[in-house]
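Please work from the sequences and hints to get the whole structure.
Here the protein sequences come in this chain order: W and P.
Per the working numbering: the first sequence = residues 1 to 353.
Per the working numbering: the second sequence = residues 1 to 364.
Source of the hints: derived by calculation from the structure; they are not laboratory data.
This structure is a prediction, so every number in the text was calculated from the model and none was measured.
Each hint should be verified, as a subset may be incorrect.
Stated by the list, open to error - For each label pair, taking beta carbons as the anchor points, the in silico distance ranges come out as:
#1 GLY97(W) / PRO147(P): 55 to 61 Å
#2 ASP102(P) / ARG287(W): 29 to 35 Å
#3 GLU169(W) / ASN112(P): 53 to 59 Å
#4 ARG287(W) / LYS344(P): 19 to 25 Å
#5 GLU178(W) / ARG82(P): 34 to 40 Å
#6 GLU319(W) / ASP246(P): 40 to 46 Å
#7 GLU169(W) / SER85(P): 54 to 60 Å
#8 ALA71(P) / LEU142(W): 50 to 56 Å
#9 GLY97(W) / THR351(P): 49 to 55 Å
#10 ASP246(P) / ARG164(W): 29 to 35 Å
What the hints assert, rightly or not - Listed below are several chain W residues computed to face chain P (Cβ distance under 10 Å; list not exhaustive):
#11 GLU139
#12 PRO166
#13 GLY181
#14 GLY182
#15 LEU285
#16 GLY286
#17 ARG296
#18 ARG314
By construction, the Cβ of each residue, glycine as well, lies at the ideal position given by its N, Cα and C atoms.
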Amino acid sequence: MINEAALRSRETDLAVDPLASPASEPLLRVENLSIRFDGAPKGINVVDDVSFSLAKGKTLCIVGESGCGKSVTALALMGLLPTPPARIVQGTAHFEGKDLLGLTERERADLRGNSTAMIFQEPMTSLNPAFTVGDQIAEGILRHRKVSKTEAWERALEMLRRVRIPAPEKRLRAYPHELSGGMRQRVMIAMALANDPQLLIADEPTTALDVTIQAQIISLIRRLQEESGMSMILITHDLGVVAEIADEVVVMYAGRVVESGSVEAIFEDPQHPYTIGLMGSVPSLGRRQGRLATIRGSVPPAELMPKGCRFTPRCPFAESRCATEPPPLVEATPKHHVRCWYAPLEQHRGAVS
Amino acid sequence: MIDKSETILEGIDLVKHFGGGGLLSSPTIVRAVDGVSLQVKRGETFAIVGESGCGKSTLGRLLLRLIEATAGDVLYEGRSIRSLSQREMRRLRRELQIIFQDPFASLNPRMNVRDIVGEPVALHGLAHGNERRERVDELLRTVGLLPAHADRYPHEFSGGQRQRIGIARALAGEPKLIIGDEPVSALDVSIQAQIINLLEDLKEQFGLTLVIVAHDLAVIRHMSDRIAVMYLGEIVELSETDDLFDNPLHPYTQALLTAIPVPSPVNRTPKPLLQGDVPSPTAPPPGCRFHTRCPHAKALCREQHPRLEAAEGGRKVACHFWREIQNAGAGSIAAPPASPALTKRLELYRTWRDRQDNAGASGC
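The following block contains the structure:
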């Protein structure tokens with residue numbers, strides 16, 4: 001705890017953690033996480049000073065576009081980041097009294113698939129084509145629990161029932177290629193939940209799926225979460241999915257958190273120009289209201305990343321100060337943080353001259 | 001002025017079956033497209049929507065004769081394109097173009113951008129030498145790329161830029177109709193919006209007709225004038241866009257609309273969801289193909305195949321009971337209005353964004 005206090009006093013402007021209070025210690029607290037890839041220009045971290053926390057039973061969505069560092073953050077938490085080239089420059093991730101980033105390989109392996117688990121975007125590439133579904137679910141159970149093979153298979157069957165796979169006895173002996181995309185994602189979820197994890201990290205779990213199947217999987221995940229009380233980090237680029245499932249939202253851009261807060265705060269009162277631009281880029285489901293607002297250009301490559309706010313080259317509101325001075329993540333309203341010099345915009349940028 | 005009532009492209013009873021052919025191939029037949037008729041009007045944006053495996057991409061390719069139909073015909077400006085010779089067809093391709101989903105796979109990695117975009121110009125003998133150079137530069141500017149980058153190779157560009165290259169190539173022959181096969185679904189949200197706006201601008205500028213094949217219903221609602229909904233190789237509903245979203249007639253359309261996650265956390269009510277997966281197109285269910293997943297299915301649906309019949313407002317629907325199930329507009333989408341704070345800031349964003357475009361060199 002001393003360590004944490006020290007960290008906090010050092011970075012006072014990074015008032016991190018809207019949920020932390022002595023009464024309810026969050027399940028996971030990530031603080032000042034920075035990750036660097038070897039070969040990247042000096043001082044440019046692929047994940048830069050990221051902090052967030054997750055309460056028990058809650059869902060945190062990390063939103064952002066390709067390359068914003070959302071998946072790298074998740075892989076770091078799971079201890080799945082290949083080192084080299086990736087290196088954790090600084091930061092901690094407290095989970096059940098341990099720092100996930102400081103564990104030995106052995107300790108990580110004990111945790112992974114047990115109290116923390118992860119599901120991925122493309123279920124076909126994450127399942128082994130040479131083994132049956134039952135084998136693959138049972139493997140995780142045998143790794144973490146002292147049970148016989150028969151018991152593990154029974155548990156696997158129970159898991160297939162829990163994820164509502166029809167004819168589970170038959171599916172247990174099926175190979176991944178014999179299943180549809182939606183069924184494979186259900187199998188992935190069954191594998192991840194087999195040991196009743198407290199933390200599930202889902203990296204774009206529905207992106208590869210059709211819209212009706214996506215709706216099934218989202219409703220399944222939500223129901224399983226209610227049943228088990230686990231916490232979840234869901235990584236997505238789809239604001240619709242965020243609105244459906246999140247309690248808390250972290251918006252990332254080019255490796256940094258640009259805005260964070262409750263899902264209501266983010267959708268009702270978005271503050272950062274990137275969040276606003278993102279919402280304007282999504283076509284509305286209602287009647288057409290003119291052209292889409294767009295964000296100009298694309299994310300700059302690492303060697304052209306500005307020293308200050310990384311959104312500067314694309315931001316309509318940017319000024320010379322933005323390019324050189326990185327804005328701090330400040331509290332806009334209680335528990336709603338934004339990293340912009342000019343938030344709220346109507347105050348600082350309202351007078352259209 | 002474009003006459004929007006005139007049909008530019010028409011598919012008549014199009015059928016495409018894959019497999020079941022040669023001595024060694026398997027006897028299973030995939031009925032990718034099974035008796036589809038539609039008319040695309042000049043100057044409109046026509047959308048073909050459906051889930052994976054419904055045959056929407058195959059239909060798009062049939063309409064351009066990129067693959068040969070098993071049966072049926074395609075009329076372009078009243079003329080059958082299935083009876084054209086290879087040579088005549090090649091000449092016609094100037095007018096009928098396609099943009100693909102994956103900008104990474106659809107550009108030749110060993111050609112630079114000047115050659116990629118210049119190839120159709122050369123092929124159709126539209127310009128030579130210096131004139132061709134200028135034409136390519138002009139095309140690149142049209143799609144928001146810098147002519148100075150014409151000597152670069154596809155791998156040097158981002159996904160959005162590659163899609164722009166694909167669009168420039170499609171425009172090179174001065175087409176009248178462009179089919180976009182999931183043109184934005186591989187792109188990030190902010191890039192997606194740029195490409196959607198670009199396509200709309202180009203359509204306006206060149207008087208194009210667009211046929212968009214896609215699965216993202218929000219994109220489709222934003223872009224298109226009319227929509228055909230496909231399920232297992234058939235059109236189940238065809239309608240004007242607003243009518244379809246306000247009052248979907250077919251139970252599959254209703255289910256599709258219900259399944260879209262609405263980007264507003266205000267009213268999270270559990271929704272009635274479609275159960276199960278799409279059956280295999282190798283063995284479509286008898287009767288109505290949707291009956292295995294339809295919440296309204298009755299005995300008749302299992303036995304008799306519903307025809308695509310006319311409904312009010314020029315709409316078409318293939319369901320025995322579409323009149324009976326129209327209680328209280330099931331599945332219609334009520335997108336909650338944006339919050340006052342978002343509306344205000346989005347307006348501010350647009351104002352400053354316009355200024356950014358006017359001030360900056362390369363607005364995209």
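Structure-based check of each hint:
In this structure, GLY97(W) and PRO147(P) meet the distance hint of 55 to 61 Å, their C-beta atoms being roughly 60 Å apart. Judged by the Cβ atoms, the range 29 to 35 Å given for ASP102(P) and ARG287(W) holds: they are separated by roughly 31 Å. Checked against the hint of 53 to 59 Å, the C-beta distance between GLU169(W) and ASN112(P) comes to roughly 57 Å, which is consistent with it. At roughly 20 Å, the beta carbons of ARG287(W) and LYS344(P) sit within the given window of 19 to 25 Å.
Between GLU178(W) and ARG82(P) the Cβ separation comes to about 38 Å, which falls inside the hinted range of 34 to 40 Å. Checked against the hint of 40 to 46 Å, the C-beta distance between GLU319(W) and ASP246(P) comes to roughly 44 Å, which is consistent with it. GLU169(W) and SER85(P) have their C-beta atoms about 58 Å apart, which keeps the hinted 54 to 60 Å range intact. Distance hint check for ALA71(P) and LEU142(W): the Cβ-Cβ separation is about 55 Å, which falls inside the suggested range of 50 to 56 Å.
In this structure the supplied range 49 to 55 Å holds for GLY97(W) paired with THR351(P), their Cβ-Cβ distance being about 50 Å. Between ASP246(P) and ARG164(W) the beta carbons are some 32 Å apart, a value that agrees with the proposed interval 29 to 35 Å. Restraint check, GLU139(W) versus chain P: the minimum CB separation of about 26 Å is more than 10 Å; hint violated. Interface hint at PRO166(W): satisfied, since its Cβ lies 8 Å from the closest Cβ of chain P, which is below the 10 Å cut-off.
Taking 10 Å as the C-beta contact cut-off toward chain P, the hint placing GLY181(W) at the interface holds, the least distance being around 8 Å. Hint status for GLY182(W) relative to chain P: holds, with the closest Cβ pair at about 6 Å, below 10 Å. For LEU285(W), the interface hint holds, the least distance from its beta-carbon to any beta-carbon of chain P being 4 Å, beneath 10 Å. Interface hint status for GLY286(W): upheld, as the beta-carbon distance to the closest one in chain P is roughly 4 Å, under 10 Å.
For ARG296(W), the shortest C-beta to C-beta distance to chain P is roughly 6 Å, which falls under 10 Å, so the interface hint holds. A least Cβ separation of about 8 Å between ARG314(W) and chain P falls short of the 10 Å threshold, and the interface hint therefore holds.
Hint violations for this structure: number 11 only, all remaining hints satisfied.
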